[in-house]
Amino acid sequence: MISLYLAQRTWAHRLPAWLKLGALAILSLLVTPLDSLPVMMALLLAALVLYAALGREAVRQIALLRPLLPLLVILFAFHLWSGDARLGAVSVLRILGIVMIANAVTMTTRMDEMMDAIEPLLRPLALFGVAPRAVALMVAMMIRFVPLIFALWEALNEAYRARTGRRGGWRLLAPFCIQTLRLSNHVAEALAARGGAPRANRR
Amino acid sequence: MSIPADPSLIRLDGVTLSRGGRVVLDGISLDLTERRIGLIGDNGSGKSSLIRLLNGLLSPDAGRVEVHGIDAAKEPGALPRKVGFIFQNPDHQIIFPTVIEEIAFSLEQAGRTRREAAAEASGALARHGRAHWADRPVHALSEGEKQLLCIIAVLVMEPAVLVLDEPFSSLDLPTRLGLERLIARLPQQVVLIAHELDAFSAYDRVVWLKAGRIAMDGAPEAVIAAYRRHGAERLAAAEGADPLEGAA
Chain A
1 MISLYLAQRT WAHRLPAWLK LGALAILSLL VTPLDSLPVM MALLLAALVL YAALGREAVR
61 QIALLRPLLP LLVILFAFHL WSGDARLGAV SVLRILGIVM IANAVTMTTR MDEMMDAIEP
121 LLRPLALFGV APRAVALMVA MMIRFVPLIF ALWEALNEAY RARTGRRGGW RLLAPFCIQT
181 LRLSNHVAEA LAARGGAPRA NRR
Chain B
1 MSIPADPSLI RLDGVTLSRG GRVVLDGISL DLTERRIGLI GDNGSGKSSL IRLLNGLLSP
61 DAGRVEVHGI DAAKEPGALP RKVGFIFQNP DHQIIFPTVI EEIAFSLEQA GRTRREAAAE
121 ASGALARHGR AHWADRPVHA LSEGEKQLLC IIAVLVMEPA VLVLDEPFSS LDLPTRLGLE
181 RLIARLPQQV VLIAHELDAF SAYDRVVWLK AGRIAMDGAP EAVIAAYRRH GAERLAAAEG
241 ADPLEGAA
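Quick note, the sequences are listed as chains A and B, same order.
Residues in the first sequence are numbered consecutively from 1, following the working numbering.
Residues in the second sequence are numbered consecutively from 1, following the working numbering.
Read the hints as simulated data drawn from the structure, not as lab findings.
Just so you know, even glycine gets a beta-carbon here, dropped at the ideal spot from N, CA and C.
A couple of the hints might just be wrong.
[Said to hold, decoys possible] Chain B residues, not near chain A, derived (Cβ > 10 Å throughout):
#, residue
1, 23
2, 75
3, 81
4, 194
[Unchecked claim] These stretches of chain B come out as covered by chain A in the derived footprint (C-beta under 8 Å, 3 or more residues):
#, region
5, 88-99
6, 133-140
Chain A with its partners taken away, still in its complex shape (with noise of 0.2 Å):
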């Protein structure tokens, strides 16, 4: 989810949405169980062959994974820290696999033909009152936002470095948020101008 959907076609794309998901699914519930080294670099080889088949504009991507790199640098600490380095290793690789798979569907399903798929099996909370459609709507605004959320941090921070030279780091974590829910305000009332968020009692 960290990344986004590919503008140009590749072979992935005419894959239905079922199979990619399914067969994700599958291939995250078989190596979650497994510990073997050999078979976590087998993983990510694969997933970097799986990059490769994908054209240099999904190779790029791989590039916005970074944010997810603090994550694995803690968690390999804490496994070198409890003395096991090799069960560290398997830990990294195992997620480092898992999520570059689960990008590359992401990069090249598109937003509909995912939910197309998932629909179904969101079609139980429709008793809860939950509209899957508004599930839809959630995720795909994710998608959406993500990008332009990076994009105000950067934006605060290049604010930041023109005045003082230096990177703002932890102190734009205050006006991020800030500007963070003034957009989510924007965004709610510009979805309210269009007859605002699909309800469970509508269709």
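For this one, chain A is given, so just place chain B on it according to the hints.
Chain B alone, transformed into the frame defined by chain A:
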């Protein structure tokens, strides 16, 4: 496109509105029957609040708002389909990651099934000569292209009125002129807020708002000339003092 030929109008009758303890609209009465209407005024004069009354984003504290036969107080839910709204910043308006989904959303809001919506959305893109945009991620569009996408997504709902809140502010000149030309050709009634005063030259009527009241209302040349004088006077009054502070 089936735009209701209802010439009746937009009617505001004694509308008063406060926001955050400040009166932003003070007893406004307006009958807007013309096809092309401009709304001008300084920042904070109440322009944005006024147009937000037209599609139910705001409700008046007192007075009545009627848009093409719909009483805003009685059927607020009917307004979003009657009045298309274009915001200043397209990034606030576009909800979906790809172009086709953004347009299809409007159609699903209007009650189409997903399949119908997708087909009609493709048709709408083709009508605007942008069929190749369908699968593009919206973040890859330029500002002008995003603004056009917003307009296409609103037009598919076939509103009777199109309201635009400073749509030109981040556009370069050629893009702005293109957008002006597109707006000029629309069958809808248009209410446009802009600070680019020459955009109104072919308009039927311009309303100038000042501190929540109508300062002047009439043909574009006269109203805009008066507004330019007002701008010059405010600057002159601030002479000697900090000009920016005087104009703020």
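Tested hints:
no.	hint	in the structure
1	23	holds (21 Å)
2	75	holds (13 Å)
3	81	violated (7 Å)
4	194	holds (18 Å)
5	88-99	holds (count 9)
6	133-140	holds (count 6)
Checked against the numbered hints listed earlier, the structure breaks hint 3 alone; every other hint is satisfied.
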